[in-house]
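In the order they appear, the protein sequences are chains P and S.
Taking my numbering, the leading residue of the first sequence gets 1, the next gets one more, and so forth.
Taking my numbering, the leading residue of the second sequence gets 1, the next gets one more, and so forth.
Heads up, some of the hints might be wrong.
Claimed, not checked - Restricting the straight-line Cα-Cα distance to at most 27 Å, the calculated cross-link-like pairs of lysine-lysine (DSSO-like) are: (1) S:Lys71 with S:Lys61; (2) P:Lys11 with P:Lys71; (3) S:Lys95 with S:Lys71; (4) S:Lys95 with P:Lys57; (5) S:Lys49 with S:Lys95; (6) P:Lys57 with S:Lys49.
Stated by the list, open to error - Some chain S residues near chain P, calculated using beta-carbon distances under 8 Å: (7) His43; (8) Asn99; (9) Tyr102; (10) Phe103; (11) Gly104.
If you are wondering where the hints come from, they were derived from the structure by calculation, not from laboratory data.
Built from N, CA and C at the ideal position, the CB exists for glycine as well.
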Amino acid sequence: DTGVSQNPRHKITKRGQNVTFRCDPISEHNRLYWYRQTLGQGPEFLTYFQNEAQLEKSRLLSDRFSAERPKGSFSTLEIQRTEQGDSAMYLCASSFDSLQPQHFGDGTRLSIL
Amino acid sequence: AQSVSQHNHHVILSEAASLELGCNYSYGGTVNLFWYVQYPGQHLQLLLKYFSGDPLVKGIKGFEAEFIKSKFSFNLRKPSVQWSDTAEYFCAVNKNTGNQFYFGTGTSLTVIP
Numbered sequence: 001d002t003g004v005s006q007n008p009r010h011k012i013t014k015r016g017q018n019v020t021f022r023c024d025p026i027s028e029h030n031r032l033y034w035y036r037q038t039l040g041q042g043p044e045f046l047t048y049f050q051n052e053a054q055l056e057k058s059r060l061l062s063d064r065f066s067a068e069r070p071k072g073s074f075s076t077l078e079i080q081r082t083e084q085g086d087s088a089m090y091l092c093a094s095s096f097d098s099l100q101p102q103h104f105g106d107g108t109r110l111s112i113l
Numbered sequence: 001a002q003s004v005s006q007h008n009h010h011v012i013l014s015e016a017a018s019l020e021l022g023c024n025y026s027y028g029g030t031v032n033l034f035w036y037v038q039y040p041g042q043h044l045q046l047l048l049k050y051f052s053g054d055p056l057v058k059g060i061k062g063f064e065a066e067f068i069k070s071k072f073s074f075n076l077r078k079p080s081v082q083w084s085d086t087a088e089y090f091c092a093v094n095k096n097t098g099n100q101f102y103f104g105t106g107t108s109l110t111v112i113p
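Please work from the sequences and hints to get the whole structure.
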């Protein structure tokens with residue numbers, strides 16, 4: 001169990017630029033979740049995959065956000081035309097199934113200049 | 001809308017003191033309940049979980065939590081805290097029929113040696 005890996009750890013970009021984050025879940029885990037966490041708040045659910053299928057998306061996920069998990073393994077989260085309000089920690093978690101606990105990565109901190 | 005409330009935002013205790021952190025949720029149906037901990041510089045880790053059965057659940061490091069359905073609560077307890085318990089604690093709820101997880105805003109615990 002090598003844990004959930006997220007890259008990069010920190011991304012600094014100018015407003016209006018596109019950014020992409022990567023998450024490598026624990027290898028046998030079918031479920032993959034993306035969350036966003038801002039200062040003083042708990043993680044907010046963004047979206048969830050069962051293998052390669054994206055099964056749920058939060059209303060928080062605007063049209064500028066897109067997530068993929070093309071082969072049911074790693075996942076990417078892309079934010080287009082970044083805005084100041086996108087500054088946050090983006091967390092990825094994975095689990096074997098709905099009854100098993102989620103394992104979280106260290107997150108990618110996005111800073112918008 | 002689904003919500004999870006953690007009323008204690010910051011708790012400061014001396015070592016050996018007893019701990020109780022409150023968690024209340026708003027969903028009326030069947031839920032799964034979790035407490036996660038985030039130690040300084042580390043990722044979120046599961047402390048304990050409740051799915052069904054005995055409403056008093058025991059987790060790692062001497063923590064326990066009690067599910068009181070009538071009060072929509074899942075409070076976390078530890079009889080005697082240690083300095084190493086200094087961390088951020090998050091309560092989370094997952095509806096039994098869904099895949100979205102809802103986290104509280106977190107409680108920061110500082111234990112003074």
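Open item on the list: Name the hints, by number, that the structure is in violation of.
Closed with: Of the numbered hints given earlier, the structure breaks none, since each of them holds.
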